[in-house]
Structure formats: structure tokens, C-alpha cells
Amino acid sequence: MPVSTGTRVLKCVDQVVSFTAGIAFDTIHFFNKYHPNPSFTPKWSDKPLLKSWQKSKPNLGWPRQTDSLCPGCVKEARERIIKGEQQYRTLITEKVGEIKAQIVERDGQVWMVKDCPIHGHFEDIMAIDSKFLAWIEKNFPGRDLPAHNDKDLHNHGSSTIRHGRGSVLTVDLTNRCNMMCDPCFMDANQVGFVHELGWEEITEILDNAMKIKPKRQMSVQFSGGEPTMSPYFVDAVRYARKLGYNSVQAATNGIEFAKSKEFCQR
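Each residue of the sequence shown is one higher than the last, beginning at 53 in our numbering.
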């Protein structure tokens, strides 16, 4: 189908506007870098926002080397901790299961390749379209504000979160579920034991999240397993709202809500 004159004109106008906007942005960015105005400090932070040129970025692109975990070592460490044969603090003080991984491109796809001296070779696909992943990485705006004033909360050894304020706080109330889906992203009902947070643990998590600086988004999601299987689900929702979380969500299959109007009203 032939392209009309009007369509060609609109495309030309669009290209001119886009090109002009790009030049204007680069010009403003240049002068702002060398003659910056004071950054804005939002209510949720005790420090001003970073300028775009102040934000750092991790090593992106490929091929590249990154830190990863051996899935075999992780499972074995988890089992030893559950059995009481290993202290959980070794996950903080030692680099349990940590290995190096190579991120490479193969046939237009992006793969992670890694080797463990104990469990051997592992490969997993990261992206089925390398060009799309490259576009995503190219548009990464940079790291957020450094995390601070929360050394006790973000003390996870080499996995410690060092930047950002989070988006949604997800609290796994229980690993029990009233369904047997396959696959399940949490392997609910499949791990051979029940892990369920007590009331004091739930309130401690919600209280601690309010102390993080810069302050996280005031949104919490209760998950699981099936969160409504927890005896503290309703109380947890009520307590989160009392603390001031303006968005309280539940990652639920809805069965308990469908079974009882009274449960919904609570």
C-alpha cells in the first residue's frame, strides 16, 4: 500500500521533533552537570536525589563475568541449616555456594555459564533475544541512593543490598498452600517442612521496614505459599494499615475469599 503524502510529512515532523528534543536534553544535561542546581529532597528520604551523572552502574553488556551461586551448594547449605548442622550466620560470614559465572551470547540469545568444583557445570538462559536485553541494559538509569542507617537490617554478607529503597515489601507468611500447582514459583508443599512466620516475626519485619533509609515505597504484599493459610493473615493486614502502609496486597489464589463472605469482610 502506497504511503500518503500526509503520512510522510508526519514522519518527517516526528523525526525532527525527536532529534531536536535529543539535542535539547543533551545540552541541558551538559550545563546541569557543570553548573548543577541543588537536588530535590523528597519526604521519604533524608538525603537529596542523585543527579543522573552521579549515579553509578554495574558492569553491563557481554561477554562479562559476574557473581553467582551454585544451586547444588545452596540446597545442601539449606538442608544443613534446617537440620541444625550449620549456623545460619555462615551465610553472612562466609561465601556459601558463591562462584563466578560468565554471561555470553549464543545464536542471538544470552546465557549464564558457570562451573562449581563440587557439582560441576551449569548453564541457564537469561534472554531469548539478545538485542532486547541490550536495549534494556542501555536504558538502565543508574543506581538509586546508597542504602544507609540500616546496617543491622541489610547485613547479608556479600549479598547485602547497597543501593535503592525497594519497591514492594514482600512478606512470605507461610509456605503452606491449598493448591498443588506444578510448577510453583515457591515450591509450596514440596519442600518437606512447614515454615510459617509467628506474630512477633511479622510485626518485627513490618516495623523494621519503616526504619530503612531512604524509606521504601509504602507498599507491602503478603505472599507464601498461600498467605490466607496463615493464622495471622488478617491481623497482618490490619497491622500494616495501622503502621501507615498505603497499599496492602495479597498474592493469593482467592479460594478462602470465595469460600466465605465473613472472611472477606474481616
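Calculated directly from the structure, the hints in this document are not laboratory data. One or more of the hints may lead you astray.
What the hints assert, rightly or not - Within a straight-line C-alpha distance of at most 30 Å, the following computed DSS-like cross-link-like pairs (lysine-lysine) qualify:
#1 63 to 267
#2 109 to 135
#3 311 to 99
#4 267 to 311
#5 107 to 63
#6 135 to 265
#7 203 to 147
#8 294 to 107
#9 147 to 135
#10 294 to 311
#11 95 to 109
#12 263 to 103
#13 294 to 99
#14 99 to 109
#15 95 to 311
#16 267 to 103
#17 265 to 294
#18 63 to 203
#19 203 to 265
#20 183 to 103
#21 147 to 63
#22 203 to 313
#23 109 to 263
#24 95 to 265
#25 313 to 99
#26 267 to 107
#27 152 to 135
#28 294 to 203
#29 95 to 183
#30 127 to 267
#31 147 to 127
#32 99 to 152
Comparing the hints with the structure gives:
| no. | hint | result |
| --- | --- | --- |
| 1 | 63 to 267 | violated, 44 Å |
| 2 | 109 to 135 | violated, 40 Å |
| 3 | 311 to 99 | violated, 48 Å |
| 4 | 267 to 311 | violated, 37 Å |
| 5 | 107 to 63 | violated, 35 Å |
| 6 | 135 to 265 | violated, 35 Å |
| 7 | 203 to 147 | holds, 19 Å |
| 8 | 294 to 107 | violated, 35 Å |
| 9 | 147 to 135 | holds, 20 Å |
| 10 | 294 to 311 | holds, 27 Å |
| 11 | 95 to 109 | holds, 25 Å |
| 12 | 263 to 103 | holds, 24 Å |
| 13 | 294 to 99 | holds, 26 Å |
| 14 | 99 to 109 | holds, 20 Å |
| 15 | 95 to 311 | violated, 42 Å |
| 16 | 267 to 103 | holds, 18 Å |
| 17 | 265 to 294 | holds, 20 Å |
| 18 | 63 to 203 | violated, 53 Å |
| 19 | 203 to 265 | holds, 10 Å |
| 20 | 183 to 103 | holds, 28 Å |
| 21 | 147 to 63 | violated, 55 Å |
| 22 | 203 to 313 | violated, 44 Å |
| 23 | 109 to 263 | holds, 26 Å |
| 24 | 95 to 265 | holds, 11 Å |
| 25 | 313 to 99 | violated, 46 Å |
| 26 | 267 to 107 | holds, 18 Å |
| 27 | 152 to 135 | holds, 28 Å |
| 28 | 294 to 203 | holds, 26 Å |
| 29 | 95 to 183 | violated, 38 Å |
| 30 | 127 to 267 | violated, 33 Å |
| 31 | 147 to 127 | holds, 14 Å |
| 32 | 99 to 152 | violated, 35 Å |
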